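**Q** One-letter residues, chain by chain:
Number of protein chains: 2
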Amino acid sequence: MTTFAAAPSASATKPASGRIFNFSAGPGCLPDEVLQQIREDVWNIGGSGIGILEHSHRGKVFDKVLAEAFDDFRKISNLPKNYHVLFLTGGATAQNYMVPANLKPQDQTADYITTGYWAEKSLEQAKFYGTVSEIATSKDKNHSYIPAESACKYNSNAAYVHYCSNNTIYGTEWHDVVNGQNTWNQRIPQAPAGVPIVCDMSSDIYSRPVDFTKFGLVYAGAQKNLGAAGTTVVVIRDDLATKKARELPLMLQYNTFAKDESRPNTPPVGAIYICGLVFKWILKHGTANRHCLDVLQELNIRKAGHVYAAIDGSKGFFKGHAEPNARSMMNLTFRCPTPELDDKFCKDAGTAGFDGLKGHRATGGMRASMYNAMPEAGCKALAQFMAEFARKNG
Amino acid sequence: MTTFAAAPSASATKPASGRIFNFSAGPGCLPDEVLQQIREDVWNIGGSGIGILEHSHRGKVFDKVLAEAFDDFRKISNLPKNYHVLFLTGGATAQNYMVPANLKPQDQTADYITTGYWAEKSLEQAKFYGTVSEIATSKDKNHSYIPAESACKYNSNAAYVHYCSNNTIYGTEWHDVVNGQNTWNQRIPQAPAGVPIVCDMSSDIYSRPVDFTKFGLVYAGAQKNLGAAGTTVVVIRDDLATKKARELPLMLQYNTFAKDESRPNTPPVGAIYICGLVFKWILKHGTANRHCLDVLQELNIRKAGHVYAAIDGSKGFFKGHAEPNARSMMNLTFRCPTPELDDKFCKDAGTAGFDGLKGHRATGGMRASMYNAMPEAGCKALAQFMAEFARKNG
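Residue numbers (my numbering), protein chains in the order written: chain A, 1 to 394; chain B, 1 to 394.
Chain A with its partners taken away, still in its complex shape:
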């Protein structure tokens, strides 16, 4: 195991490892120590003489990897026994049909809150399975905000309420705002009693404390905060895992995976193994007095703070896309005064050793994705680069 590279100086952003700061929206960067462990284990895991990718998914080595991945995931969120953890495939996008297919009868509605591109895709794909309701949206302002609770017109007979807790493209996130102040804690829609909440948590899962018991089903593509592309983690309550809204092929039923430890057939062994390493890395942030997710939240607020301060301190040179109280800790979206300067920013940043900063075409400008594995040094260095860029080009 290596330790993290030392924080680089402002003028030398490339750590000695030869690796650069990768602000990609996903797949995102992984912790250095996780990568070093992978390098050992693909050759020969635990002295077995066989690499992790080559072990039978029914053998003892993978049994242990899988059991620990389940256990560690549960430990992080103190997940009670009436919830299953599943490792599925097809990306979070596959959940767009799996959720309504399993949970929503054709003529029962489900409530969707559309706060971004992926939330809209979720709604669109759910229509294949009958009635759906878009009960609130932020489309009117190019998804720069999160609708207020009072704007959400829930149906009391809905099969579920679906929302996306962090909008990767637009850089907004659901936060509890108390007396006009952003607490950076998770805000959850106040669905009517008995209506389960379904959340696409792909881009902010385990970036701060989460209480899964408030949800019926949560899903997250692994390639942002949990591991590498190739598996999607689903947390599902017992009664929903066995719900049969319609007949489905076996491999499209949540229960098939819940019953058989996510391996009714050969699962994505490597992707699950990597999640397992990341779960252990998350747990290591905990101390005797503080829960690992409290520590990570504090770190993520500080990390995002460096870059938001660079935006707010630029005397109007940089403009953020998200309204302040909806600002994401994970994906920070901002623009220069002109598209030409945006291009120059990305080019100069690339030369300086920052990668993946070009924004999505839906917002233009830049996006800095700073998932759990992005070290604070990278955020500080980016903030400093931004300040210098604004000074030189303002």
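Heads up, some of the hints might be wrong.
Since the list gives no way to pick out one identical chain from another, each pair is judged satisfied if it fits inside one copy or across any two copies.
To be verified - Heads up, simulated DSSO-like pairs for lysine-lysine below, C-alpha to C-alpha not over 27 Å straight-line:
{"id": "1", "residue 1": "Lys64", "residue 2": "Lys344"}
{"id": "2", "residue 1": "Lys75", "residue 2": "Lys64"}
{"id": "3", "residue 1": "Lys127", "residue 2": "Lys244"}
{"id": "4", "residue 1": "Lys259", "residue 2": "Lys121"}
{"id": "5", "residue 1": "Lys347", "residue 2": "Lys64"}
{"id": "6", "residue 1": "Lys243", "residue 2": "Lys259"}
{"id": "7", "residue 1": "Lys121", "residue 2": "Lys60"}
{"id": "8", "residue 1": "Lys344", "residue 2": "Lys60"}
{"id": "9", "residue 1": "Lys380", "residue 2": "Lys392"}
{"id": "10", "residue 1": "Lys284", "residue 2": "Lys81"}
{"id": "11", "residue 1": "Lys244", "residue 2": "Lys121"}
{"id": "12", "residue 1": "Lys60", "residue 2": "Lys347"}
By construction, these hints were calculated from the structure, which means they are not laboratory data.
These figures come from a predicted structure and were not determined experimentally.
Using the hints provided, position chain B relative to the given structure of chain A.
**A** Quick look at chain B alone, frame taken from chain A:
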């Protein structure tokens, strides 16, 4: 890149690398040089400063990885332009519903030839989409043979004929048998004109020459001959990629992946990357005068030959499960005179450095899986171990 470990002596089966001979049925062993490349690239691929698992699936580095994977796969089989190559997820098992869902209207039959466990599962799952026909089966003799062409009662109006070219559990494979002699070349069912052939080629794809133009659709889980668990390669003819047997969610349609280079959403980046390395490794077997798959076939015949010779030369101590002309080159199934000796065999083999030899409960006994990446030295060493075991325990 390292080169292969030197062939071990008969009494020392563990190569100097610390790695042992892994006869697992899948996930199976990967070439040493592929693993070494992975170890480099997960840290920093091509000097980009970012590991392969952390690159955006829309960025230049993955663009190149993906383009080369497609190109190299096509080169290996000289695949014509009217076929698509897709990287999907969900394992070959997901094809059990995707094939009929996309290709078979509810009231049109499809013909299934059931020569093993997975072929039976394919048939069973297809029933969800209406009429199907089991036109031949080897169930009467515990799947120890491949039905003769004359036993296959094709329906001329079938949507397709489905078969599995190699039966991992039973150790049988479809071979052309000419004048009673096994040619070890691929036998393909003689479906009526116009009826596409669909083949589950998971456990013998690219172990010998293959002409995909004889097929409408071929699928293969990557974890045996193509890479690691986490992606399924599908080869599909143009007209079938756009066939709409029924309305389906976008992510269950082949055409969604055919249109968008297998990345309508985040694909399993790592699993595709590993396939790409294995494709290059396969191509390297070619010489100026010989096609890579001819070379691999010759090697695989020789590799299997060592172990089959150990069975046949054991004076009845070992009994093969498969009938001689249906013997698989990839999965070799055999038994000792008693279940107790089977257990002893697996235990002693483990001590000697051979892993993954325990057979499936459907056949009992042993199974030696010898995919492309298993070096001939491993097969020779196993054959010698078998001879010694038979001598000591016979």
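**Q** If a hint holds in the structure, say so; if it does not, say that too.
**A** For each hint, the structure was consulted:
no.	hint	verdict
1	Lys64 - Lys344	between (49 Å within a copy, 25 Å between copies)
2	Lys75 - Lys64	within (16 Å within a copy, 39 Å between copies)
3	Lys127 - Lys244	both (18 Å within a copy, 18 Å between copies)
4	Lys259 - Lys121	between (29 Å within a copy, 18 Å between copies)
5	Lys347 - Lys64	between (45 Å within a copy, 21 Å between copies)
6	Lys243 - Lys259	within (13 Å within a copy, 34 Å between copies)
7	Lys121 - Lys60	between (40 Å within a copy, 26 Å between copies)
8	Lys344 - Lys60	between (53 Å within a copy, 19 Å between copies)
9	Lys380 - Lys392	within (18 Å within a copy, 69 Å between copies)
10	Lys284 - Lys81	within (23 Å within a copy, 51 Å between copies)
11	Lys244 - Lys121	both (23 Å within a copy, 22 Å between copies)
12	Lys60 - Lys347	between (49 Å within a copy, 15 Å between copies)
When each numbered hint is compared with the structure, no violation occurs for any of them.
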